[in-house]
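Undergrad: If you read the protein sequences in the order shown, they are chains A and B.
Heads up: the first sequence at position 368 corresponds to 368 in the working numbering, and the numbers run straight through without jumps.
Heads up: the second sequence at position 93 corresponds to 93 in the working numbering, and the numbers run straight through without jumps.
If you're looking for bench data, these hints aren't it; they were derived computationally from the structure.
Keep in mind that the hints are not guaranteed to be accurate.
BS3-like cross-link-like pairs, simulated, lysine-lysine; straight-line CA separation at most 27 Å [claimed, not checked]:
id	chain 1	residue 1	chain 2	residue 2
1	B	K9	A	K328
2	B	K78	A	K51
3	B	K9	A	K80
4	A	K273	A	K468
5	A	K105	B	K78
6	B	K66	A	K77
Sample of chain B residues at the chain A side, in silico, Cβ under 7 Å [unchecked claim]:
id	residue
7	L17
8	I24
9	M31
10	L41
11	T46
12	A50
13	N79
Where a beta carbon is used, it is the ideal one built from N, C-alpha and C, also for glycine.
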Amino acid sequence: MNYLNEDIDSLNQKLAQGDLSAEKLAQDTVANIKKTDDKLNAWITVQDDAKPAADLDFAKNKLAGIPIAIKDNIITKGVKTTAASHILDNYIPVYDATVIERLKKAQATFVGKTNMDEFAMGSSTEHSYFGATHNPWNLDKVPGGSSGGSAVAVASGQVVAALGSDTGGSIRQPAAFNGIFGIKPTYGRVSRWGLIAFGSSLDEIGVMSKRAKSAAEVLNVIAGSDDHDSTLSTREVPDFTQFIGQDVKGLRVAVVKEYMAAVDGEMHDVIQKQIDALEDAGAIISEVSLPLTKYVVPDYYIIASSEASSNLQRYDGIRYGYRAEDTKNLLDVYVKSRSEGFGTEVKRRIMLGSFALSAGSYDRFFRQAAKVRTLICDEFDEIFANNDVIVGPTTTEPAFGIGSEISDPIKMYNNDILTISANLAGIPAASVPAGLVDGMPVGFQIMAKRFDEGSIFKTADFIERTNKFYEKTPAGMED
Amino acid sequence: MEITEDTIKHVAVLSRLEFNEDEIGTVTEQMSSIINMADQLSEVDTDGVAETVQVVDRDTVFREDKPEHWQNRAELMKNVPEQANGFIKVPVIINKDEDE
Chain A
1 MNYLNEDIDS LNQKLAQGDL SAEKLAQDTV ANIKKTDDKL NAWITVQDDA KPAADLDFAK
61 NKLAGIPIAI KDNIITKGVK TTAASHILDN YIPVYDATVI ERLKKAQATF VGKTNMDEFA
121 MGSSTEHSYF GATHNPWNLD KVPGGSSGGS AVAVASGQVV AALGSDTGGS IRQPAAFNGI
181 FGIKPTYGRV SRWGLIAFGS SLDEIGVMSK RAKSAAEVLN VIAGSDDHDS TLSTREVPDF
241 TQFIGQDVKG LRVAVVKEYM AAVDGEMHDV IQKQIDALED AGAIISEVSL PLTKYVVPDY
301 YIIASSEASS NLQRYDGIRY GYRAEDTKNL LDVYVKSRSE GFGTEVKRRI MLGSFALSAG
361 SYDRFFRQAA KVRTLICDEF DEIFANNDVI VGPTTTEPAF GIGSEISDPI KMYNNDILTI
421 SANLAGIPAA SVPAGLVDGM PVGFQIMAKR FDEGSIFKTA DFIERTNKFY EKTPAGMED
Chain B
1 MEITEDTIKH VAVLSRLEFN EDEIGTVTEQ MSSIINMADQ LSEVDTDGVA ETVQVVDRDT
61 VFREDKPEHW QNRAELMKNV PEQANGFIKV PVIINKDEDE
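All chains, please: the whole structure from these sequences, using the hints.
TA: Take a look at the structure:
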């Protein structure tokens, strides 16, 4: 069983009509993951005993009996959750994240946990204690990151939808690199309770799927207020599927000059084609400028790393996780467990964050970054005063080769230049497939006002219907 | 901005991390280029600009302080690396030789 030609509606229909049994679907999904994952390495944990919930109600729950992949930084009771780190490689949570509780209530099936960059820090899924994940379009290329495992699981047809997390582009960039849809909702839309913390003012759980409508179905289930996360908005959550199939006539679309200048050649043409399609359908296109774009990478790396250095203090080898042996005192347990347990990139981020927050550096780095963040938010507010969505490329290039950037952190960080701003401003953003460049997928990014995921689904669904990219199959999956 | 090995060693202490003599050179070099990349931000004029540390649409949120049964002791102890008699076991806090 693979899901390359399925979406949540088609599966729900087959299950409801009895053409498909949920038990068999769970077993076949696991069997197919096992068969295909040798070359992809998209999973850290596969649940051999996966089975559907009892008393499935297909009329009430669209997700009933449908396997959903979960990124391994989302806590799952009784199922190993590692954040792809050695420091948590034996960690079995004793509670469920809110998003998992809600998926369980909606009777989704759980088949396992997907690979990622350690603690979601990375843009290639090469920084995993469990080895790199491979892109199904070309197995020598990275899948992007940090939600690379979730993206590959969807793109290769192992599952129909997956949860990811996005702190600086970790859903959108891998979605773009794998030719699928991925949405990072508004900060405050989805509970972070049970999401292993990286940058708390930026982290957001979102959904990855081939079709935008499937993501809307999953977001309907996981979004909404939660007593366990007081940063969550209490405003009502709309039915996101209502935005599918709508007309884009009159939609005010802003094209960012700086984003378009970041791509050239064929990549530029493919993105421009999507904008032209919107214009032909009656959308109102205008060019806008985000002059601070050149500062978003430093701004993000200071803020995200500072928050990470604080969040990752908890890994001390005492109550859970890896504990170093041969230690002579308590301090030694902390230092050795952390130094042996964390990977290189995580240590770099902790170091950068500790530096930016330390006496003597705080004003020049952290405080300055927090002020620049205000100016970045202001630039977006100004554009959204007259526009419904901002569009452009999701990344500056298609997927790069495995091993080609791993030794150059700054080059790796610059991969995020087009996605980071949405996290800094807390706005929703998604990537929808635009086309192929040299055989590799490229993504079209859509951003909207805070809590206006609706305009994103509307635009993404239009792009999907127009370019029909979903009909393509990843080259690396053909036997 | 010049970043020395001493700065990096100091930040490592703050971070509860250690790097051996073979690593420290590379770490200093990489951290130095990352910090200098980050320092580009000082070019931006932020006079009179307020800081943004969160993008939440709610102010301080209050809730009733009511106790609830959530997990039991055995569950909470499940992931503890070393334990004895129901307690979390850790090594001595002060070195033995410092004690004497």
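Undergrad: Does the closest beta carbon of chain A sit nearer than 7 Å to the beta carbon of I24(B)?
TA: At about 12 Å, which exceeds the 7 Å cut-off, the nearest Cβ of chain A leaves the hint on I24(B) violated.
Undergrad: Under the criterion that the straight-line Cα-Cα distance not exceed 27 Å, is the pair K78(B), K51(A) satisfied?
TA: holds (25 Å)
Undergrad: Going straight from one Cα to the other, do K9(B) and K80(A) come out at no more than 27 Å?
TA: Not OK: K9(B) and K80(A) at ~34 Å, beyond 27 Å, violated.
Undergrad: Is the straight-line distance between the alpha-carbon of K105(A) and that of K78(B) 27 Å or less?
TA: Measuring from Cα to Cα gives roughly 26 Å; hence the hint holds.
Undergrad: Given N79(B) as an interface hint, is its Cβ closer than 7 Å to any Cβ of chain A?
TA: With a minimum Cβ separation of about 4 Å from chain A (threshold 7 Å), the hint on N79(B) holds.
Undergrad: Are K273(A) and K468(A) close enough, with their CA atoms no more than 27 Å apart?
TA: holds (13 Å)
Undergrad: So, L41(B) near chain A? Judge it on the closest CB pair being under 7 Å.
TA: holds (5 Å)
Undergrad: Report holds or violated for the interface hint on A50(B), using the least CB-CB distance to chain A and a cut-off of 7 Å.
TA: This hint holds: A50(B) lies near chain A, its Cβ roughly 6 Å from the closest one there, short of 7 Å.
Undergrad: Per the CB criterion, is M31(B) less than 7 Å away from chain A?
TA: Constraint on M31(B) satisfied, holds at 6 Å.
Undergrad: Holds or violated: K9(B) and K328(A), Cα atoms, limit 27 Å.
TA: The hint holds at about 21 Å.
Undergrad: Against chain A, run the beta carbon of L17(B) and see if the smallest gap drops under 7 Å.
TA: holds (5 Å)
Undergrad: Holds or violated: K66(B) with K77(A), Cα cutoff 27 Å?
TA: holds (24 Å)
Comparing the model with each numbered hint stated earlier shows that hints 3 and 8 do not hold.
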